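Given the coordinates of chain Z, assemble chain P onto it according to the supplied hints.
2 protein chains.
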Amino acid sequence: MTMSSEIVDINRYMTELGQRARAASRRLAAASTGDKNAALLAIAQDLEEQREQLMAENQRDLEAGRAKGLDAALLDRLELTPGRIDSMIEGIQQIISLSDPIGEIFDMKYRPTGIQVGRMRVPLGVVGIIYESRPNVTADAAALCLKSGNATVLRGGSEAFHSNQAIAASIQRGLEQSGLPADCVQVVATTDRAAVGAMITMPEAIDVIIPRGGKGLIERISKDARVPVIKHLDGICHVYIDDQADNVKAFDIAINAKTQRYGTCNTMETLLVAEAIAEDILPLLGAAFSEHEVELRGCPCCCEILEGCIPATDEDWDTEYLGPVLSIRVVKNMDEAIDHINRHSSGHTESIVTENYTRARRFLSEVDSSSVMVNASTRFADGFEYGLGAEIGISTDKFHARGPVGLEGLTSVKFIVLGDGHIRT
Amino acid sequence: MTMSSEIVDINRYMTELGQRARAASRRLAAASTGDKNAALLAIAQDLEEQREQLMAENQRDLEAGRAKGLDAALLDRLELTPGRIDSMIEGIQQIISLSDPIGEIFDMKYRPTGIQVGRMRVPLGVVGIIYESRPNVTADAAALCLKSGNATVLRGGSEAFHSNQAIAASIQRGLEQSGLPADCVQVVATTDRAAVGAMITMPEAIDVIIPRGGKGLIERISKDARVPVIKHLDGICHVYIDDQADNVKAFDIAINAKTQRYGTCNTMETLLVAEAIAEDILPLLGAAFSEHEVELRGCPCCCEILEGCIPATDEDWDTEYLGPVLSIRVVKNMDEAIDHINRHSSGHTESIVTENYTRARRFLSEVDSSSVMVNASTRFADGFEYGLGAEIGISTDKFHARGPVGLEGLTSVKFIVLGDGHIRT
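Just so you know, the protein sequences line up as chains Z and P, in that order. Just so we're aligned, residue 12 is where the first sequence starts under this note's numbering, counting upward by one. Just so we're aligned, residue 12 is where the second sequence starts under this note's numbering, counting upward by one.
Excised from the complex, chain Z in its bound form (with noise of 0.2 Å):
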């Protein structure tokens, strides 16, 4: 393994694993279905073997974090419990059942030429990931794009070094038991910021950079990258309820948005209740909130209904809470939702809960985020609900892939042109 401090030409390092990259690509790319699967079982069952190793190496950051006065919650992050590396290895098995996107064929059409026009999905070629603390992302990650066909360059937290060295060794063990090259999936072998920099810029290496991890990482680098960045940024989730809403369905589907679970991207952010029926649902709704210990920060309308509400300033419409905390406002009618929705939205998910087929229809139409829902709660808007298998994020993003990306976002696709001697006249 080697270590940070024996590479002294960062950039000539990057250069060399890019061009190891992009070369397990083309080889990646030609790989049948058989092989990646093949490929991917020998990774789950090295991991498996791999268990102390895996948590020896782990306790080797664990303790450098604690040295390093990392606090609770990174500490956490940073963990590989024994659950952890079933999940990881449960993971890759999902990845495994999941058909093969490359290679499929679709809208073939004959042209009055006589040509047969249609497209084929390829892989997008060589996918950088930037992450932070959670190792268990070096397998995720690895095996998504495998599948996809896509060699990886992985790039994690410092503080998760050797947990990630590990995983990555049990990765090219796996690769290369099954015949494929083991530069299909390399991790950056040093800590040093360098790396992300080179990593960023090496459009003739890379296709495409995921960062995952805080906003913080995400404007940063999309600020500097010099190739297309598949961007996940905060989930200001919204739900309305309209003057037309199912009480029941309305009561449900705002409870299970807010306290599913509070630390999520697709969780409710903010809810917009109609003028007309909040003084019949806001006490409801106040007091279940209440018995969930959420603190509710409203509009005046909306402190007028419900003792106990604080009054919500200008900042809490554009705040991810990720926490028991939820912003309400009492809007007059679904333009009024739709134009707060516009304009403080993050662009993740939106929720309507209407009986009305029109305003339905519009509210579909109309706000512009990734996921937008009829009657049903935010807190579905995942990979897995969406029947996608894993996902490597949820882009926010409008160019190439938007939502939940599982394999088919890690794709292209080219036309492909079937002819019988045809000729252009």
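Simulated from the structure, these hints should not be mistaken for lab results. Please read all numbers here as calculations on a predicted model, not as lab measurements. C-beta atoms are modelled at their ideal positions from N, C-alpha and C, and glycine is treated no differently. Accuracy of the hints is not assured; some may be wrong.
Said to hold, decoys possible - Have a look at the derived ranges for each label pair, beta carbon to beta carbon:
hint, chain 1, residue 1, chain 2, residue 2, range
1, P, 105, Z, 115, 36 to 42 Å
2, Z, 121, P, 353, 27 to 33 Å
3, P, 77, Z, 419, 52 to 58 Å
4, P, 431, Z, 319, 31 to 37 Å
5, P, 230, Z, 84, 23 to 29 Å
6, Z, 228, P, 70, 54 to 60 Å
Claimed, not checked - Among the chain P residues that face chain Z by a calculated CB cut under 8 Å, a handful are:
hint, residue
7, 33
8, 218
9, 381
10, 397
11, 428
Claimed, not checked - In silico DSSO-like pairs for lysine-lysine, Cα to Cα no more than 27 Å straight-line:
hint, chain 1, residue 1, chain 2, residue 2
12, P, 242, Z, 242
13, Z, 242, P, 425
14, Z, 425, P, 120
15, Z, 425, P, 242
16, Z, 425, Z, 120
17, Z, 425, P, 79
18, Z, 234, P, 242
19, P, 242, P, 260
20, Z, 226, Z, 242
21, P, 120, Z, 234
Then chain P, alone, in the frame of chain Z:
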């Protein structure tokens, strides 16, 4: 019409223009197919009525160009002849007849939880087009973006300034007449180069940049852009004649791919011929190319077979001639052909001529270009021939759109979820 000299603060001007484009894009995204078609029709009619004015403004550009000593080819591209105005108007009418991609709902499926998940096609938002001397791009690009629900910011070449402004005025009158905001299409009213720098670094206002022009322009823009770029670089297209090719198909396709038009990006620049049939087919092809006065530059083996063939240099294999010149290389087999292609192709279009099923299938899979063909001329690689209608360019990139980019390439998708009070458990 605001003139270049009147704009003092370019950054402020571009910021305001960008804000107006963003605001207009929201209105345009919600416009019905009927409204968009009505606007396109009004634009076509206005251009028809303004023919004389258009030609007068074009005359100003031509005179200035002649005074500046522009070369004949550039002056030709700059000129708006009555025929070119006809084509511009016909182009808009064709775009009216294309079906509207926006709002298309597809892949709706029930999930085990009971929610129904699918996708809806939506506009990208604001498209920035940066182009060189041809003023017809102003109308073509604006019409494609309008139909796909995107606002446009156009920045044409300084030598076509008055022509572009005149076309822009027609577009804006057409938009206003149909009730859509005139800001849906804005042409930058300054020749200051700082405007380009501003356009490519305003992600808050512009979602994607499409440069139309020479390789130099596209590379410059890609290097400095802070928004995604749909790139159309050069077309170094290959035809490989396999030793199991049908001779008639091989002959017809090779001649057509090179000589049907010389200056297009889908013209063959390099012919690869399998060793086993080189002595049979090359003399026939050589004679035909001589008749077309195509200069041949070959590998040593080719030069031995073909009298009058000039030895090719290393540079030839990487050159887009855009003229009556062809490089020819004799290869051992398809593997060597694919190796050559993957090393020298620009990723635009490649074709194999063969009757062998397995080789045809392998070529389609293993050649990594935006169009890959079997027994068809590379000249078919364009949006009209593929049935996309008009195209805004041919992307040689893999991210987002690849190959000819028509209306669909100017769109994104969002997930939509229909429930009936569904919550996540």
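We went through each hint and held it up to the structure:
The supplied range of 36 to 42 Å is broken by residue 105/P and residue 115/Z, whose beta-carbon atoms lie about 30 Å from each other. For the pair residue 121/Z and residue 353/P, the supplied restraint of 27 to 33 Å holds, since their beta-carbon distance comes to about 30 Å. A hinted range of 52 to 58 Å holds for the C-beta pair residue 77/P and residue 419/Z, which are about 53 Å apart. In this structure the supplied range 31 to 37 Å holds for residue 431/P paired with residue 319/Z, their Cβ-Cβ distance being about 32 Å.
Checked against the hint of 23 to 29 Å, the pair residue 230/P and residue 84/Z fails, with Cβ atoms roughly 45 Å apart. Between residue 228/Z and residue 70/P, the C-beta spacing of about 55 Å keeps the proposed range 54 to 60 Å intact. Taking 8 Å as the C-beta cut-off, the interface hint given for residue 33/P is violated, the closest approach to chain Z being about 11 Å. Because the beta carbon of residue 218/P sits about 6 Å from the nearest beta carbon in chain Z, less than 8 Å, this interface hint is met.
This hint holds: residue 381/P has a C-beta 6 Å from the nearest C-beta of chain Z, less than the 8 Å allowed. With its C-beta approaching chain Z no nearer than about 5 Å, residue 397/P sits inside the 8 Å limit, and its interface hint holds. About 4 Å separates the beta-carbon of residue 428/P from the nearest beta-carbon of chain Z, less than 8 Å, and the hint is met. Distance restraint check for residue 242/P and residue 242/Z: the Cα-Cα separation of roughly 21 Å lies within the 27 Å cut-off, and the hinted pair is therefore satisfied.
Straight-line distance between C-alpha atoms of residue 242/Z and residue 425/P comes to about 15 Å, which keeps the hinted pair within the 27 Å bound. Taken as a hint, the residue 425/Z and residue 120/P pair is honoured in the structure, with Cα atoms around 26 Å apart against an allowance of 27 Å. Annotation: proposed proximity of residue 425/Z to residue 242/P holds, straight-line Cα distance about 15 Å (limit 27 Å). A C-alpha spacing of about 15 Å is found between residue 425/Z and residue 120/Z, which places the hinted pair at or below 27 Å, so the restraint holds.
Distance hint between residue 425/Z and residue 79/P is unfulfilled; the C-alpha atoms sit about 43 Å from each other, more than 27 Å. Only pairs whose Cα atoms come within 27 Å are accepted, and residue 234/Z paired with residue 242/P is accepted, the gap being roughly 20 Å. The suggested pairing of residue 242/P with residue 260/P is violated, with an alpha-carbon distance near 32 Å, which exceeds 27 Å. With a C-alpha separation of about 10 Å, the suggested pairing of residue 226/Z with residue 242/Z holds against the 27 Å cut-off.
Taken as a hint, the residue 120/P and residue 234/Z pair is broken in the structure, with Cα atoms around 37 Å apart against an allowance of 27 Å.
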